[in-house]
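Take these sequences, add in the hints, and give me the full structure.
Protein chains: 2
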Amino acid sequence: MKISPVPFEQMDQRVRATFINCLSGFKSANLIGTYSNKHQTTNLSIISSAFHLGANPALMGFIVRPHSTDRHTLEYILETKEFTLNHVNESIMIQSHQTSARYERHQSEFEMTGLTPHYHNDLKAPFVLESNIRIYLELREHHHLSINKTEMIIGEITHIFVPEDSLLNDGSLNLERAGTICLSGLDRYHGTKQIARLSYAKPDKAVEEIDESSLNRF
Amino acid sequence: MKISPVPFEQMDQRVRATFINCLSGFKSANLIGTYSNKHQTTNLSIISSAFHLGANPALMGFIVRPHSTDRHTLEYILETKEFTLNHVNESIMIQSHQTSARYERHQSEFEMTGLTPHYHNDLKAPFVLESNIRIYLELREHHHLSINKTEMIIGEITHIFVPEDSLLNDGSLNLERAGTICLSGLDRYHGTKQIARLSYAKPDKAVEEIDESSLNRF
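Top line first, the protein sequences correspond to chains A and B. Each residue of the first sequence is one higher than the one before, counting from 10 in our numbering. Each residue of the second sequence is one higher than the one before, counting from 10 in our numbering.
There could be a bad hint or two in this list.
Identical copies carry no separate label here, and so any pair may be met within one copy or between two of them.
[Stated by the list, open to error] List of simulated lysine to any residue pairs, SDA-like, C-alpha gap at most 20 Å:
| hint | residue 1 | residue 2 |
| --- | --- | --- |
| 1 | K202 | N98 |
| 2 | K211 | A110 |
| 3 | K90 | Q203 |
| 4 | K90 | H168 |
| 5 | K158 | R74 |
| 6 | K90 | I163 |
| 7 | K211 | L87 |
| 8 | K202 | R186 |
| 9 | K158 | L87 |
| 10 | K90 | V15 |
| 11 | K214 | H115 |
| 12 | K47 | A110 |
| 13 | K202 | M102 |
| 14 | K214 | E113 |
| 15 | K211 | V24 |
| 16 | K202 | E185 |
| 17 | K47 | E147 |
| 18 | K133 | N46 |
| 19 | K47 | E185 |
| 20 | K211 | T27 |
Hint data in this document are derived by calculation from the structure and do not stem from the laboratory.
See below:
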């Protein structure tokens, strides 16, 4: 089937949003944890737009929509410049999805969904205790994308917590062993099954499957 | 295990890159197809940073590293303002990964990997024939991210090709039925298995699983 050129004008608004959200492929499923001094509260919001931006410095980016349920996430990050990113796993899938409900202003999604805020030493933004891969970031850049009035947040990684048995000594992290799941579109959640790990590609050499049995824990 | 604060300075450069690339979660696996009038050639490059940016207008973004194997992708998009995005499936996984090899300047990865360029009507950028979900985009914005000298490309979707049996009448696209796979880190490829499709979250209502048997094809 082709939809070419795309008859966007003829599509119902919600059908269109559902469709376009599917087109980038599978997406990461993460919970962004924030806090506000001003309002003495916390916020937790599921996002599917987090992306790797670079390893040196260690940067991640994600997109927020200022007029959606993400709006407190943006407000609190701009206030305190710190946030956590926590991988969603199957045991917290429903609670994670529930964080996208439009709660009253300054109600914490931790309280509303039953997910547990977890604080490490003197870090102020809350982690999600039930998440197995938890990352702390400091705000570095904030770009307004005028083309559709969204905001891109860029954070630098300062702290990382991962399960001991998921990290190998070549630096690779086995996300399946950590229980991480992924998303497609607005509402489909998927587990994964590794097909292969492939060798670094070179022009004059065939790509091969990497045998991980020779790798030790980090 | 914790890595807190992260001992980045003590980590080998490649170990560090491998590790940080895993932290955002599962990533989309897409091939970006481009062409150059000036050099009378095409380019094909696997990327894992494509993200949904908005449905109205229909926008996607991705990150390119000007000094990596992506550099021709960036050069050709800036020249011609058009490109394709093609989902990777298991049958072309190895060839897709091979596109990341550092080929000679203006050698086409189509020729080098055996993937088939496919042209639709008068559209100039090449699709990947073996890909089941294929999208045509026009360049809309191009942001230089000075924090790590990467470039963010924003394209608007103009044409879409999807398999007939993967699109439902609510607009949702079943990526598993289309064979789309995902990536983690630099080199792990994963198939997926849907856990659930969840209802739109509301503050006063429990999230439920959506029964898709009542949905028809688009």
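* Using 20 Å as the alpha-carbon threshold, which applies to K202 and N98: within, between, both, or neither? -> both (14 Å within a copy, 14 Å between copies)
* Asked: Is it within a copy, between copies, both, or neither that the alpha carbon of K158 lies no farther than 20 Å from that of R74?
  -> For K158 and R74, the Cα distance is within 20 Å only inside one copy (7 Å; across copies 25 Å).
* Within, between, both or neither: K211, T27 at alpha-carbon 20 Å -> between (39 Å within a copy, 17 Å between copies)
* Asked: Is it within, between, both, or neither for K47 and A110, if the alpha carbons may be no more than 20 Å apart?
  -> Cα proximity of K47 and A110: none, with 23 Å in one copy and 50 Å across.
* **20 Å Cα threshold - placement of L87 relative to K158** => So K158 and L87 pass the 20 Å test inside one copy only (16 Å; across, 23 Å).
* Is it within, between, both or neither when you check K202 against R186 at 20 Å Cα-Cα? -> Both. Shortest intra-copy (10 Å) and inter-copy (16 Å) distances satisfy the 20 Å Cα cut-off.
* Asked: When no copy is named, should K211 and A110 be tagged within, between, both, or neither for a Cα gap of at most 20 Å?
  -> between (47 Å within a copy, 5 Å between copies)
* To do: Classify it for me, K47 with E185: is the Cα-Cα distance of at most 20 Å met within a copy, between copies, both or neither?
  => For K47 and E185, neither the intra-copy (38 Å) nor the inter-copy (45 Å) Cα distance is at most 20 Å.
* Using 20 Å as the alpha-carbon threshold, which applies to K90 and H168: within, between, both, or neither? -> Within one copy only: 15 Å inside, 39 Å across.
* Pop the pair K90 and Q203 into one bin, within, between, both or neither, using alpha-carbon distances up to 20 Å. => For K90 and Q203, neither the intra-copy (36 Å) nor the inter-copy (35 Å) Cα distance is at most 20 Å.
* Can you tell me if K133 and N46 fall within 20 Å by alpha carbon in one copy, between copies, both or neither? -> Answer is within; shortest intra-copy Cα gap is 10 Å, inter-copy 53 Å.
* Asked: For K47 vs E147, is the C-alpha pair at or below 20 Å within one copy, between two copies, both, or neither?
  -> This pair counts as within: shortest intra-copy Cα distance 18 Å, inter-copy 43 Å.
Hint violations for this structure: numbers 3, 7, 12, 19, all remaining hints satisfied.
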